[in-house]
Amino acid sequence: MNNPLYLIIRREYLERVKRKSFIITTIVMPIIMIAIMAAPALFLALGKTEKKTVTVIDYTSQIASRLQSNEEIEFVSSDAPADTLRADEDVEAILVIGNNAIDNPKTGITLMSRGTVPMMTNAYITGQLTNAIEEVRLDRYNIEGLKQIIEEAKPDVSLTTVRMDLDTDQETSSEFSYFLSLALDMILYMFILIYGQMVMTSIIEEKGNRVLEIVVSSVKPFYLMLGKITGIGLVAVTQILIWGVLLSVAGSLLLPMLTPDNLGADTASEFSGVLSQVTDPGFMLSLFAFVLIFFIGGFLFYSSIYAAIGSAVSNIQDASQLSSIATMPIIIAVIGSMAVINDPESSLAFWLSIVPFTSPMVMMARLPFGVALWETFLALGVLFASLIFMIWLCGKIYRIGIFMYGKKPTLMEIIKWARYK
Amino acid sequence: MDNILTARNISKSFVGHQALDDVTVEVPRGKVYGLLGPNGAGKTTLIRIINHITAPDSGTVEFNGHPLTATDVRNIGYLPEERGLYKKMKVGEQALFFARLKGLSSREAEKKVKEWFERLEISGWWDKKIEELSKGMAQKVQFVITVLHRPELLIFDEPFSGFDPINAEVLKREILRLRDEGSTVIFSTHNMASVEELCDNITLINQSRNILSGSVKEIRERFSDNSYRIEFSDDPDPALQASLRLGADFSLEPDNRMGLHQATLRLPESMTRRDAIAVLNESLDLRGFERVIPSINDIFVRAVNAGGAFPPAYNNPSTDTDNE
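The listed protein sequences correspond, in order, to chains A and B.
Read in order, the letters of the first sequence correspond to residues 631 to 1051 in this note's numbering.
Read in order, the letters of the second sequence correspond to residues 115 to 438 in this note's numbering.
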């Protein structure tokens, strides 16, 4: 094949994919992401090792026996007076339960400790005391089997949400949609920013080392721009696909472990909604088809703006200010989609889906919740029409910009270039 | 004459700046054509128009007798003044990439690249990245990239800048060889020595206009003005008297290395060489008498500085100052 556009795309693509940095980021990034997600749990696990002993002085003589120790906190009863214990350096914490604690738990209990009490410890002790006092109080009623009656009376509510505007009623999980929206939005945001700026810097570089003039003596500048955007876009797609494969491999290994049994009853019913969504091939397929199309649309739209900016300036320093033309709407779109995630059917959501500057991001946020087909196609139509216009406009600017060296042009000058023959 | 390229009445302007004003250039086939002019005269813009990189505001470009189209650039090889290649790309890969952009099939491209690399003795660089090469080495690669698709028309913008004398000589040899094999060369430069050595025809562009066109020989002839350089051994005084008798302009020059006095004489139109020699012989011991044919450099400087004498349309005050 000798189509110049193909040759340009091929060069742009291979040059990046073959780089060590690409291979490393592609493999290391997911590991870092997982590490970031796992870090809090990991720290928690590491923090657990130290066991704390709480010496309990119980003047009611009813509560101490009911306090249950766990891996972090051990309750030890003591009859010694508080002052003696305080003098003992080995005693870490003293829990004093006053003799009216059962009737007046708000004031009757004191925890004395050396150093501050961690929140988790505080919460655990409070919880144990609440349970113990509740039990004591219930015993006072002297009704047989009261505890069991109360236990039985506690309802376990979990809301099953079903979309009734779709062709077939379908169980959904709004939490799942929420997190999916958030994830898609973040990924798109990251990719447009990273790869859009890659288009920009790569053009500045070409302009800087003057290879551009040789290329455009063989290929129309417009094709060079288009080829560059497409080539870099394909690099982005490749990265996403690799991550997708890694994720599904990891998922297929981990998912079987997440059976309803070991999730507990609450999570299980929530999980059934997720499962019904994830395992509905129609929903997932159309979701990801649309996600991909909006992704491509958003990338092309913004990277053509980045291309025009890159062509207009002579160095990266000059680009930073101009690039806010592209960065600002992206950030606004992300902020907008945060609002949209909370209310995907609002009129704000609708209008932000029509404006091409915000629609890719906002639609990412809305798609997992399900969007009426006509709205999706309207958004797509507007996005791709403005996309073609944007590429055309930026192509015109690019064609002139790449030969402009020296002083940083103003935005008005750049727009004027578009009118040159 | 058979012209490979004719650019007629080309005008092009950018914001507040006219780059080319009604420029016409005719490049005869199989010759080396010099495009001369001071910096900022519009040479590069004209070259870009010929390369179909930018479009003129008005005027036409004909290539091989038909209006220039995008596919014609496959028959053009262009070496820009500001050179550059993809720094991270390997030399061989890069050459193949550009060869294929010019329309060569991948097999043909490989064959040509290898051929040229051998000719310039750079085959060993195939797997090197451009950033590992010195500037001169990269220039050689760039030259190969310009010529390897055997274009009918080659455009070199300041080709010798950055080359050491030995490699410049190699380059000169290759350029002339390409011409002898039938390629036409357009040569943009302000290095006048190389023009006299290489060019058959020239065009002088100054302040966006074509102020002088023709064959090098004819132009030098046209600019020579009955001036002669004389050498003599006795005192300059008799020479001065003799020149007054001739009615000629006389200007004494520093003595030459042989210890002879030198002077330039500009004879009046009516006077022949023979008469002048006769008069001079009477007054002094004449050792040498030689016609002064202006170098292209002199012509260039004279033509550019004559800007003031041209119609005010392109009489730009900023460059109109006498800098002689």
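Careful: at least some of the hints might be erroneous.
As the list claims (entries may be wrong) - Each computed BS3-like pair below joins lysine-lysine, with the alpha-carbon atoms no more than 25 Å apart:
1. B:Lys145 - A:Lys648
2. B:Lys145 - B:Lys201
3. A:Lys648 - B:Lys201
4. B:Lys225 - A:Lys650
5. B:Lys286 - A:Lys648
6. A:Lys850 - B:Lys204
7. A:Lys648 - B:Lys331
8. A:Lys850 - B:Lys201
9. B:Lys145 - B:Lys204
10. B:Lys202 - B:Lys225
11. A:Lys1026 - A:Lys1037
12. A:Lys650 - B:Lys201
13. B:Lys228 - A:Lys650
14. B:Lys226 - A:Lys650
15. A:Lys648 - B:Lys204
16. B:Lys243 - A:Lys650
17. B:Lys202 - A:Lys850
18. B:Lys228 - B:Lys242
19. A:Lys850 - B:Lys331
20. B:Lys249 - B:Lys226
21. B:Lys243 - B:Lys228
22. B:Lys228 - B:Lys204
Hint data in this document are derived by calculation from the structure and do not stem from the laboratory.
Owing to the predicted nature of the structure, the values given are computational and were not obtained by experimental measurement.
Taking the hints in turn, this is what the structure says about them:
Between B:Lys145 and A:Lys648 the alpha-carbon distance is near 44 Å, which puts this suggested pair outside the 25 Å criterion. About 34 Å separates the Cα atoms of B:Lys145 and B:Lys201, which puts this hinted pair outside 25 Å; it is violated. The straight-line distance between the Cα atoms of A:Lys648 and B:Lys201 is roughly 15 Å, inside the 25 Å bound, and the hint therefore holds. Distance check on the hinted pair: B:Lys225 and A:Lys650 sit about 30 Å apart at the alpha-carbon level, beyond 25 Å; violated.
Restraint check for B:Lys286 and A:Lys648: not satisfied, since their Cα atoms lie roughly 38 Å apart, outside the 25 Å limit. A distance of roughly 24 Å separates the Cα atoms of A:Lys850 and B:Lys204; the hinted pair therefore holds under the 25 Å criterion. Of the supplied pair hints, the one linking A:Lys648 and B:Lys331 is violated, its CA atoms being roughly 55 Å apart against a limit of 25 Å. Straight-line distance between C-alpha atoms of A:Lys850 and B:Lys201 comes to about 22 Å, which keeps the hinted pair within the 25 Å bound.
For the hint linking B:Lys145 to B:Lys204, the alpha-carbon distance of about 34 Å lies beyond 25 Å, and the restraint is violated. A distance of roughly 23 Å separates the Cα atoms of B:Lys202 and B:Lys225; the hinted pair therefore holds under the 25 Å criterion. For the given pair, A:Lys1026 sits about 20 Å from A:Lys1037 by alpha-carbon distance, which is consistent with the 25 Å threshold. This hinted pair checks out: A:Lys650 and B:Lys201 have alpha carbons roughly 16 Å apart, not beyond 25 Å.
For the hint linking B:Lys228 to A:Lys650, the alpha-carbon distance of about 28 Å lies beyond 25 Å, and the restraint is violated. Under the criterion of a C-alpha separation no larger than 25 Å, the hint pairing B:Lys226 with A:Lys650 is inconsistent with the structure, at around 31 Å. Taking the CA atoms of A:Lys648 and B:Lys204, the gap is near 12 Å; set against the 25 Å cutoff, the hint holds. Simply put, B:Lys243 and A:Lys650 have alpha-carbon atoms about 15 Å apart, close enough for the 25 Å limit, and the pair holds.
In summary, the hint linking B:Lys202 to A:Lys850 is supported, as the alpha carbons are separated by about 23 Å, within the 25 Å threshold. Only pairs whose Cα atoms come within 25 Å are accepted, and B:Lys228 paired with B:Lys242 is accepted, the gap being roughly 15 Å. For the suggested pair A:Lys850 and B:Lys331, the alpha carbons sit about 39 Å apart, so the restraint of at most 25 Å is broken. About 23 Å separates the Cα atoms of B:Lys249 and B:Lys226, which keeps this hinted pair within 25 Å; it holds.
For the given pair, B:Lys243 sits about 17 Å from B:Lys228 by alpha-carbon distance, which is consistent with the 25 Å threshold. Annotation: proposed proximity of B:Lys228 to B:Lys204 holds, straight-line Cα distance about 14 Å (limit 25 Å).
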